[in-house]
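Going down the list, the sequences are from chains A and B.
When you line the first sequence up against the working numbering, it's residues 12 to 112, in that order.
When you line the second sequence up against the working numbering, it's residues 55 to 256, in that order.
Honestly, the hints are just simulated from the structure, not real lab data.
Incorrect hints may have been included.
Here are the simulated BS3-like cross-link-like pairs (lysine-lysine), alpha carbons at most 27 Å apart as the crow flies [to be verified]: (1) Lys107(B) to Lys164(B); (2) Lys85(B) to Lys81(A); (3) Lys65(A) to Lys85(B); (4) Lys253(B) to Lys63(A); (5) Lys191(B) to Lys105(B); (6) Lys81(A) to Lys203(B); (7) Lys105(B) to Lys63(A); (8) Lys137(B) to Lys191(B).
Just the calculated beta-carbon pair ranges, DEER-fashion [unchecked claim]: (9) Pro183(B) to Lys63(A): 14 to 22 Å; (10) Gly49(A) to Leu83(B): 34 to 42 Å; (11) Glu78(A) to Ile249(B): 20 to 28 Å.
Glycine included, C-beta positions come from ideal geometry on N, C-alpha and C.
Residues per chain, in single letters:
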Amino acid sequence: MLWGLLGWNLTVGDRIFIPSREEYHQGLRRVRQVRLLGPEELARLIHPVVNKIKALVFDLDGTLNEELGKEVDAETIQLLNGLAKMGINISIITGGGFFSS
Amino acid sequence: MPADFPLERLYLYANTGAVGYGFSPTGQLIKLYEVDITAEQMKLRDDAISKLKERFGDEISAITYRGNTQVVFRIREGPRQEKFFYKAIGFMESYLARTDFKVMSGELGKAFDISLMDKSWAAKDLMKPERAGLRAKEMIIVGDSFSGKYSNDRSMMVEGALVFNVGGDKDLPGGLYSLATKGFRGTQELLRIIIRYKKQIS
Numbered sequence: 012m013l014w015g016l017l018g019w020n021l022t023v024g025d026r027i028f029i030p031s032r033e034e035y036h037q038g039l040r041r042v043r044q045v046r047l048l049g050p051e052e053l054a055r056l057i058h059p060v061v062n063k064i065k066a067l068v069f070d071l072d073g074t075l076n077e078e079l080g081k082e083v084d085a086e087t088i089q090l091l092n093g094l095a096k097m098g099i100n101i102s103i104i105t106g107g108g109f110f111s112s
Numbered sequence: 055m056p057a058d059f060p061l062e063r064l065y066l067y068a069n070t071g072a073v074g075y076g077f078s079p080t081g082q083l084i085k086l087y088e089v090d091i092t093a094e095q096m097k098l099r100d101d102a103i104s105k106l107k108e109r110f111g112d113e114i115s116a117i118t119y120r121g122n123t124q125v126v127f128r129i130r131e132g133p134r135q136e137k138f139f140y141k142a143i144g145f146m147e148s149y150l151a152r153t154d155f156k157v158m159s160g161e162l163g164k165a166f167d168i169s170l171m172d173k174s175w176a177a178k179d180l181m182k183p184e185r186a187g188l189r190a191k192e193m194i195i196v197g198d199s200f201s202g203k204y205s206n207d208r209s210m211m212v213e214g215a216l217v218f219n220v221g222g223d224k225d226l227p228g229g230l231y232s233l234a235t236k237g238f239r240g241t242q243e244l245l246r247i248i249i250r251y252k253k254q255i256s
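The shape of chain A in the complex, shown without the other chains:
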């Protein structure tokens, strides 16, 4: 009854999202449900397109390293090295971070 007065067309089982203070300040009304890709789903997604891929573009901080100011670990560098040797261009961008050798 109350929901109807508010103009919400709800039925039993519907979930109501009430924004947190933080979300309210971002102007959000609801949060998108996200389906996370595990390794197997990721592989299925990559397989048909891998032949077309000629560049990998990365944010630096939190994506290639642990967080702002931290070094990229040796294993990640080796993986990038392997891809560059296969002819893939590697592009890395940072906001307030920095590059070192």
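Knowing the structure of chain A, use the given hints to seat chain B on it.
Structure of chain B alone, referenced to chain A:
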């Protein structure tokens, strides 16, 4: 980087894309471009910072990187940090609306950038014929800051490219894939899969 890394395949973009670097075939670092801020833009940006400080007082501190990008952050962290942050970034976005400046954040709740550029440059620069001359559909883009409308990796979502998120999953835009494994471990997982299939093809 390892000595055998093919540096001619590596492109680096600093300060939200304000300056781009590549490497010569002999491995020498080359500056590809640098965006300079005009005197008029600098005045507009400085006025905006003054207004922000006027409104929010000593809690705001600003640092300028290479002229183009200004990083603004709150000096003292406190219990109302996030509320303060969203008020400040919202104020700045409104003030700089209808200008060439973009207001965005890589660390929501802590700091934000005011910049003439955005992080799409890491992809768009590669599309130039004098660089790699690539098309968006030939690229995979990976970032960790897509949550919320001010997140700075959102600008990396170049139409046509395959985009992956290894960061938070709250309030994500449509058109990207979010990995279950987060951070650089998620990126490594993706890279291993690409290498595996590339090896199968060759």
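Hint check:
1. Proposed proximity of Lys107(B) and Lys164(B) is supported: the alpha carbons are some 16 Å apart, at most 27 Å.
2. In summary, the hint linking Lys85(B) to Lys81(A) is supported, as the alpha carbons are separated by about 24 Å, within the 27 Å threshold.
3. Distance hint between Lys65(A) and Lys85(B) is fulfilled; the C-alpha atoms sit about 22 Å from each other, no more than 27 Å.
4. At roughly 14 Å between alpha-carbon atoms, Lys253(B) and Lys63(A) fall within 27 Å of each other, so this suggested pair holds.
5. Restraint check for Lys191(B) and Lys105(B): the C-alpha separation of about 42 Å exceeds 27 Å, so the hint is violated.
6. With a C-alpha separation of about 26 Å, the suggested pairing of Lys81(A) with Lys203(B) holds against the 27 Å cut-off.
7. The hinted pair formed by Lys105(B) and Lys63(A) fails the criterion: a straight-line CA distance of about 48 Å is larger than 27 Å.
8. With a CA separation close to 39 Å, the supplied pair Lys137(B) and Lys191(B) exceeds the 27 Å bound.
9. Taken as a hint, the range 14 to 22 Å holds for the pair Pro183(B) and Lys63(A), whose Cβ atoms sit roughly 19 Å apart.
10. Distance hint check for Gly49(A) and Leu83(B): the Cβ-Cβ separation is about 39 Å, which falls inside the suggested range of 34 to 42 Å.
11. The hint said 20 to 28 Å for the Cβ distance between Glu78(A) and Ile249(B), and at roughly 25 Å that hint holds.
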